[in-house]
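Quick mapping for you: the protein sequence lines, in order, are chains X and A.
Each residue of the first sequence is one higher than the one before, counting from 1 in the working numbering.
Each residue of the second sequence is one higher than the one before, counting from 1 in the working numbering.
None of these hints come from the bench; they were simulated from the model.
A hint or two may mislead.
Calculated Cβ distances over 12 Å to all of chain A for the following chain X residues [unchecked claim]:
{"#": "1", "residue": "Leu21"}
{"#": "2", "residue": "Arg23"}
{"#": "3", "residue": "Met26"}
{"#": "4", "residue": "Ser69"}
{"#": "5", "residue": "Val70"}
{"#": "6", "residue": "Met74"}
{"#": "7", "residue": "Lys78"}
{"#": "8", "residue": "Pro79"}
{"#": "9", "residue": "Lys187"}
{"#": "10", "residue": "Asn243"}
{"#": "11", "residue": "Ser245"}
{"#": "12", "residue": "Lys250"}
{"#": "13", "residue": "Val269"}
Under the rule of at most 27 Å between Cα atoms (straight-line distance), these lysine-lysine pairs were calculated in the DSS-like manner [to be verified]:
{"#": "14", "chain 1": "A", "residue 1": "Lys30", "chain 2": "X", "residue 2": "Lys183"}
{"#": "15", "chain 1": "X", "residue 1": "Lys187", "chain 2": "A", "residue 2": "Lys30"}
{"#": "16", "chain 1": "A", "residue 1": "Lys30", "chain 2": "X", "residue 2": "Lys202"}
{"#": "17", "chain 1": "X", "residue 1": "Lys261", "chain 2": "X", "residue 2": "Lys250"}
Under 10 Å between C-beta atoms, here's a sample of chain X residues computed to sit facing chain A [to be verified]:
{"#": "18", "residue": "Ser136"}
{"#": "19", "residue": "Ser188"}
{"#": "20", "residue": "Leu189"}
{"#": "21", "residue": "Ala232"}
{"#": "22", "residue": "Leu259"}
{"#": "23", "residue": "Ala278"}
{"#": "24", "residue": "Ile281"}
Virtual Cβ for every residue (Gly too), placed ideally from N, Cα, C.
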Amino acid sequence: MNESVEQMGALAVPGTGERRLRRSVMHQRVRHASNTFMLGLTGLATAVGIAPLVWILFDVFVRGASAISVQFLMDTFKPTSLGGGGIWHALVGTSILMGLAALFSVPLGILTALYVARNPNTSLGLAVRFGTDVLSGLPSIVVGLFIYTLVVSGHGYSALAGGVALAILMLPIIVRTTEEMLKLVPKSLREASLALGAPEWKTALQVWLPAAMTGIVTGLMLAVARVAGETAPLIFTTLGSNNLSTALDKPIASLPLTLFKYAVDPSKVRNAQAWAIALIIVTLVLLLNIGARLIATWRSRKMY
Amino acid sequence: MALSQMPRRLNRVAVSSLSRTLRHGDIPFKGALALSSLSLFGLMIGVGLMLWLRSGLMRANAGLSFITATVWNPVDEQFGAAPFMIGTLTTSLLALIIAFPLGLFIAIFLAELCPLGLRGIIGFMVELLAAIPSVVYGAWGIFVFIPSFVTPVGNALMGALGNPQRFPYLPIFQGPFFGASKLAAGLILAVMILPTIAAISRDVLLAVPRSQREAALALGSTQWETIWQVVLPYGLSGILGAVILGLGRALGETMAVTMVIGNVAQLSTSLLRPGYTMASVIANEWGESRTPLYGSALIEMGLLLFAMSLLLNIVARLLVWSVARRTPEQRA
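Okay, chain X solo, but in the shape it has when bound (with noise of 0.2 Å):
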């Protein structure tokens, strides 16, 4: 049968067997130099992209390292002609922001992340998974907008409001992180604590919760980083400031903001000290992602 099946490809393809033979083992190379070029492409391709990453924290450290100083960050605005001053305002005023996002992202996140682990299959519980994905792909300017229109036009800008764009921002990555944390906590913990005989919420606030309490953190810790360096809402909420100001309900300034308007000024002074700032920043959403990565992997491993 096989023979007979080689005879009849031996007639129909023009040629001897020899050169069919010669033309397989051809294609058989093509084929494998292929694979060889595609996958090394691949790992090239990889090179290529981390190296704008390397390009840039390069920059920043070098050029930053460069301008900063212990009274740069100490000392609070003044004009170029006076040595253009440091910082310390805006680093109060990023501290409030951040404060007040998390104050007011955490909780919702929470609560939205206890839900959607506790019904994770229910139309709702999908909905509310989608809602969030969609949320976080929002542009960071239209919440800008949003509160703007929601808040700023009626009681001018505040650092109140900023907080309030910057929660919004926070809110999808918090209850992701805190419900992948929440998911990971096993059933029969639960499970004997409403054996016990207590109610649901009691279960959920002490032993739920706590038991997924760096999973949480991290979560807080990665909402940070998201939102530490976000510049465009705070152009239409906290409008930024030259002054040290710690008043919640006035324009406040801010480490980004700052940044902005430094790096677009004449003044090379000023370009140094965006430079300084860029590197603040940067540190601290290297640091705040990379300790974030090290909890969850020593997390993981603990557990299970």
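For this one, chain X is given, so just place chain A on it according to the hints.
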């Protein structure tokens, strides 16, 4: 005696029955959970509603011609969104053309080739690109990227392909060219959306069942043939979703684009000329919008941006979910 105890007992029954109807606090608890979940949708509806209401002035003034009008002259209160929409689409598509192949190949490398020990670290480094704030990209773009990369590349493109006599039908590389340009914005955007495309495509590829790969390899396919003819088609809709998510991110990017695109509201076909995008005009001219109509026009621009990115995100997530949901068997 029985009489005197009656009220107290009644009272106790009443309390315990209230407590029981609330199931010891569980009903308010579940209500709070559901309410906070629903607030998410309230938020999205609220964004659309508020932007719709506050752009009423502009919509009443110009109607749909806002989208098609090409003149943007705030002094004469002429507001047309077309140059900005075209600018947004041009820069986003340019970014996509560069970032899609690169991101897909990175995803293939991470999902199929990379040794397990390195997969986490390299994937993390790619994702870190997304963690760097937009405004830092912008500053880097102004001081480093434009002078040392965009300018030589742009000049080379202009020299090779930008001669209007030799290439009359290729207007996208014609000069003059001064650095800040749509090309610069597109390149920066490509770097910024690369992690989105790479990370989500990688997750999609990892969700393709192992049996698919094993079957292809068992039939004698090389590894690349397996990837190209089996794994990629299986995850195609998810990869498409990743690309659309990248596009959505590019549309809304504000600060980095504002800082490198030059901010000129003129229609020009050349990538080497400055431009303007929807997001950057809102951010850039917000402080100057003194008249109510000007502010309303900028808010309507935001509404358009919201509608576009909402639509893209919904479509993209549905596509990504369709791959993740269809694979109940063991994953690779």
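- Holds or violated: is the Cβ of serine 188/X closer than 10 Å to a Cβ in chain A? violated, 20 Å
- Message: If I take the minimum Cβ distance from serine 69/X to any residue of chain A, is it greater than 12 Å?
- Response: holds, 19 Å
- Task: Please settle this one: lysine 187/X was flagged as non-interface, so is its CB more than 12 Å from every CB on chain A?
- Result: The claim stands: lysine 187/X keeps its Cβ more than 12 Å from every Cβ of chain A (closest is about 18 Å).
- Could you check if isoleucine 281/X really has its C-beta closer than 10 Å to a C-beta on chain A? holds, 6 Å
- Decide, holds or violated, for the assertion that all CB atoms of chain A are farther than 12 Å from the CB of asparagine 243/X. holds, 18 Å
- Could you check if alanine 278/X really has its C-beta closer than 10 Å to a C-beta on chain A? holds, 5 Å
- Query: Does the structure keep lysine 187/X and lysine 30/A at a Cα separation of 27 Å or less?
  - Reply: Distance of about 18 Å is within 27 Å: holds.
- Query: Going straight from one Cα to the other, do lysine 261/X and lysine 250/X come out at no more than 27 Å?
  - Reply: The given pair, whose Cα atoms are some 19 Å apart, holds under the 27 Å limit.
- Query: With 10 Å as the cut and Cβ atoms as the points, is serine 136/X at the interface with chain A?
  - Reply: At about 8 Å, which falls below the 10 Å cut-off, the nearest Cβ of chain A leaves the hint on serine 136/X intact, so it holds.
- Given as non-interface: leucine 21/X, partner chain A, CB spacing beyond 12 Å: holds, 17 Å
- Message: Using Cβ atoms and 12 Å as the threshold, tell me whether valine 70/X really stays out of contact range of chain A.
- Response: About 22 Å separates valine 70/X from the closest Cβ of chain A, which puts it past 12 Å; holds.
- Looking at valine 269/X again, its CB stays over 12 Å from all of chain A? holds, 14 Å
Checked against the numbered hints given earlier, the structure breaks hints 19, 20 and satisfies all the rest.
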